[in-house]
Amino acid sequence: MSTKKFLDMVTYAVLLLLSLLVVIPFVLIVSNIAINGVGNLSIELITQLPSEMGLKGGILNAIVGTFYLIIIAAVVSVPLSVGAAIYISEYTRSGRVREMIEFMSDVLSGIPSIVFGAFGFTFFVYYMNMGISLLAGALTLAVMMIPTVLRATEESLKAVSRSLREASYALGATRWTTTWSITIRSALPGVITGILLAIGRIGGETAPLLFTAGYNIYLPTSLFDWTASLPFIIFIFTESPFPQLHAKAFAASFILVIMMLGINLTTKIISRRLSRGVVE
Amino acid sequence: MINLKTTNAEVEFPHSESKRVDSIGRVGLLILAAVCAFIVVLIAVFLLVESLPALYTYGLGIVSSTEWNPYIDRFGIFVFIVGSLWVSSFALIFALPLGLATSIFLAEYCPPSLRYPLRTAVELMAAIPSIVYGLWGFMVLVPWLRYSGEPFLRNNFGFIPFFSGEPQGYGVLAGSLLLAIMLLPTIVAISEDAFRMLPSTLREASMALGASKTETTFKIVLPAALPGIAAAVLLSLGRALGETMAVLMVTGNTMIIPKTLFDPTYVMTSVIANQLGYAFATPLYRSALFVVALALLIVSICFTATARILLRYAMKSRSFGI
Amino acid sequence: MSDKIEIKNLSAWFGTNKVLKDITFGIKENQITAIMGPSGCGKTTLIRTINRMNDFVDGFHVKGEIILDGTNIFNDHKTDVFELRKRVGMVFQKPNPFPMSIYDNIAYGPGVHGVSNKQELDQIVQESLVKAALWDEVKDRLHASAVSLSGGQQQRLCIARALSVRPGVLLLDEPAAYLDPISAAKIERLLADLKKEVTIVLVTHNVQQAIRVSDCAAFLYLGELVEYGDTARILESPRDKRTEAFITGKIG
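Protein chains in written order, with the working numbering: chain A, 23 to 302; chain B, 46 to 367; chain C, 65 to 316.
These aren't lab readings, by the way, just hints derived from the structure by calculation. Take these hints with a grain of salt, some might be off.
What follows is a set of in silico ranges between Cβ atoms, one per label pair, in the way DEER data are often shown [stated by the list, open to error]:
#, chain 1, residue 1, chain 2, residue 2, range
1, A, Ile46, B, Thr246, 35 to 45 Å
2, C, Asp122, B, Pro162, 16 to 26 Å
3, B, Arg241, C, Ile315, 36 to 46 Å
4, C, Lys260, B, Thr165, 49 to 59 Å
Derived contacts from chain A toward chain B, CB cut-off under 10 Å, selection only [to be verified]:
#, residue
5, Val129
6, Gly132
7, Glu227
Under the rule of at most 27 Å between Cα atoms (straight-line distance), these lysine-lysine pairs were calculated in the BS3-like manner [what the hints assert, rightly or not]:
#, chain 1, residue 1, chain 2, residue 2
8, C, Lys259, C, Lys195
9, B, Lys264, A, Lys180
10, C, Lys127, C, Lys203
11, C, Lys127, A, Lys26
12, B, Lys264, A, Lys27
13, B, Lys264, C, Lys203
14, C, Lys85, B, Lys264
15, C, Lys260, B, Lys361
16, A, Lys180, B, Lys361
17, C, Lys72, C, Lys250
18, C, Lys259, C, Lys203
19, C, Lys250, C, Lys203
20, C, Lys250, C, Lys195
21, C, Lys259, C, Lys92
22, C, Lys127, A, Lys27
Think of the CB as a built atom: it goes at the ideal place given N, C-alpha and C, for glycine as much as any other residue.
Pulled out of the complex, with its shape left as it was, chain A reads as follows (with noise of 0.2 Å):
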């Protein structure tokens, strides 16, 4: 054999090995949190509120909790987001104005969650005095939603072909008709993706809601109430002296991790979808 063969393979083998080792902490980590949480799961912990200071009783406050936050963030984000992919994509010829969108779109998916968690202290809760509240997390959320959406919504847009929207302006229809009666059809796989990837981002952060949502014993009864949620109560109950509440946290943790993998999995089984049927 060759000495270039040889060490070809030789470099195969060694790359090979050092990406199975990459693979290694994430195996580790998620058996750990699987192990631990699945034995704390039971249906009380799920269907019952806090008791006795969280030593009791269930998670039941932080499941809520986090399905509202999630579905109030959604609901302003996606507008504005998918709203202003729209008017890039279809509404300015290219250059300055999607630029500077795009950039700021950049910038804002950079910006480090506790930033997002001290503005939204800032601006939410006392600028805006909508105090500590459920509201308040969820805007601070849907700030943070909103590069992701619109990056997806933007990239599906310029996906769909050129011809398509030409054979409805031919046919005489207005840009507002074409756009959502043609265009966004054609890209709704890639929007979907694009919120529930966005989703999969914030459902799990917890910074942004450390000053912005409180925390709660019961399920919040309106918008302006303190809430609580999943990753904030895997915070302090892990940082809590006691084993009961470690035991909760990773019950907890199990819960998240799955609801996340659950909603990155069908992302990628939707864009699998995609591309297969792309007709063009």
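Given chain A, put chains B and C in place with the hints provided.
Leaving out everything else, chains B and C in the frame of chain A:
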């Protein structure tokens, strides 16, 4: 609608109503787009406004001062900056070789059957929330480091100054290791894209000259992908500096400038997370924390902008054609 | 004139798709042999088989022999494929210089085969650029990026790069396809000069180019070798109807 009895020359445009919808729609969308663009400005403005009192009182000396004592109104953020740099730099040092190797494998060597599982595994790593990494770090990594990992390093490699501290579990090493794991997906994804972006004819030209796959990969492909890889490094560093929860739970949150990897430290994101709650009522204290937040914002904007430029340069210069 | 390369009963498949059907002919030394035919006839596949670039394609396999200087290139016991690619060079349809300096582009090949002496490399670089008729245009800016050259210059650079390892055979896959007529003409002229030292195999679908440049021609149609012989003879009095149809433009 269009009157079929008229000739082409007389086609009317009765759509004045839909034209109006079109214009209103356009304005509506423009407003939405403007809001999105404006949000970054809003954030920057608010952070700046909140930072002003502390900046005004301490000047830029706040950045270089190491004294942080809220009780006597002494605010110097230098320790946090150094702490962040230590943890993030080592995270990158640990993550980069491994991440790069994996991306090279995925892009150049991986057999099709292994591609999907490997890529998916790496992507799923990014789906795990940082608080969960923090939980694992706190419950598993820190104790392990304290009783096994760090003593081992100290006993066998203690001659290296980085490994000569007192094993405590919490500290720079815990933070960087955890962060490194969290950075891997970003490094792998962006670097792999950088490799895939290169036209296949580049590799073919090299192989047609009789070069081996290894030579082609390391002498031609890797150098050509460098701008993209540099972007990956920058973006990862940015992410590392901005990571909050995981690092918060394992670095010990102690006001010291680390000298060894085993030392605990305090990073910028952690001090905000830990102290903004009580600081809020005290204007100067709160303002000092906002200076930290402002610093984080500025750093992240710079990294994002530079990475964008690098990626754009990579795309232009590598997809050569006539 | 002897055969530099003998192709004997060569058949090739991509999976179950047979793309080359029992091809036999010889490529004469120090001559320019044109391989012609309509799109999809297998001409690119054929030359990529000669330097075993198709080895990289999953599912590709061959039957038959290609004998280069007395040895069958498919015989892995006697042939080192990396050595093979040193002796048989290739220029691609679309110019593909490395994103490095002009000098580094040419020095790469020899470097890969063990040349590390700076003077030797300098000499090889100059020699290759002279043979590719590019030296005068770039001698003052050898360290400029190769990507900054014009299309025609880039392609000549690729020719110089292929020549840097001193191959005995040069395979060119429609090298002028992406070039303007003036650059194309420059390349045709340099090939005519090169053939004195190197055996040239030129894939082209341009009949006029084949007439201008080549000595022998092989006409492929749907993977089969339809005709082979002196270019002048084939193009003026083709023996096969299919050849004639191609020449007159009825099939393309």
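Right, here's what the structure says about each hint:
| no. | hint | result |
| --- | --- | --- |
| 1 | A:Ile46 / B:Thr246: 35 to 45 Å | holds, 36 Å |
| 2 | C:Asp122 / B:Pro162: 16 to 26 Å | holds, 19 Å |
| 3 | B:Arg241 / C:Ile315: 36 to 46 Å | holds, 37 Å |
| 4 | C:Lys260 / B:Thr165: 49 to 59 Å | holds, 57 Å |
| 5 | Val129 | holds, 5 Å |
| 6 | Gly132 | holds, 4 Å |
| 7 | Glu227 | holds, 7 Å |
| 8 | C:Lys259 / C:Lys195 | holds, 11 Å |
| 9 | B:Lys264 / A:Lys180 | violated, 35 Å |
| 10 | C:Lys127 / C:Lys203 | violated, 46 Å |
| 11 | C:Lys127 / A:Lys26 | holds, 26 Å |
| 12 | B:Lys264 / A:Lys27 | holds, 16 Å |
| 13 | B:Lys264 / C:Lys203 | holds, 24 Å |
| 14 | C:Lys85 / B:Lys264 | violated, 38 Å |
| 15 | C:Lys260 / B:Lys361 | violated, 40 Å |
| 16 | A:Lys180 / B:Lys361 | holds, 19 Å |
| 17 | C:Lys72 / C:Lys250 | violated, 34 Å |
| 18 | C:Lys259 / C:Lys203 | holds, 24 Å |
| 19 | C:Lys250 / C:Lys203 | holds, 18 Å |
| 20 | C:Lys250 / C:Lys195 | holds, 12 Å |
| 21 | C:Lys259 / C:Lys92 | holds, 11 Å |
| 22 | C:Lys127 / A:Lys27 | holds, 23 Å |
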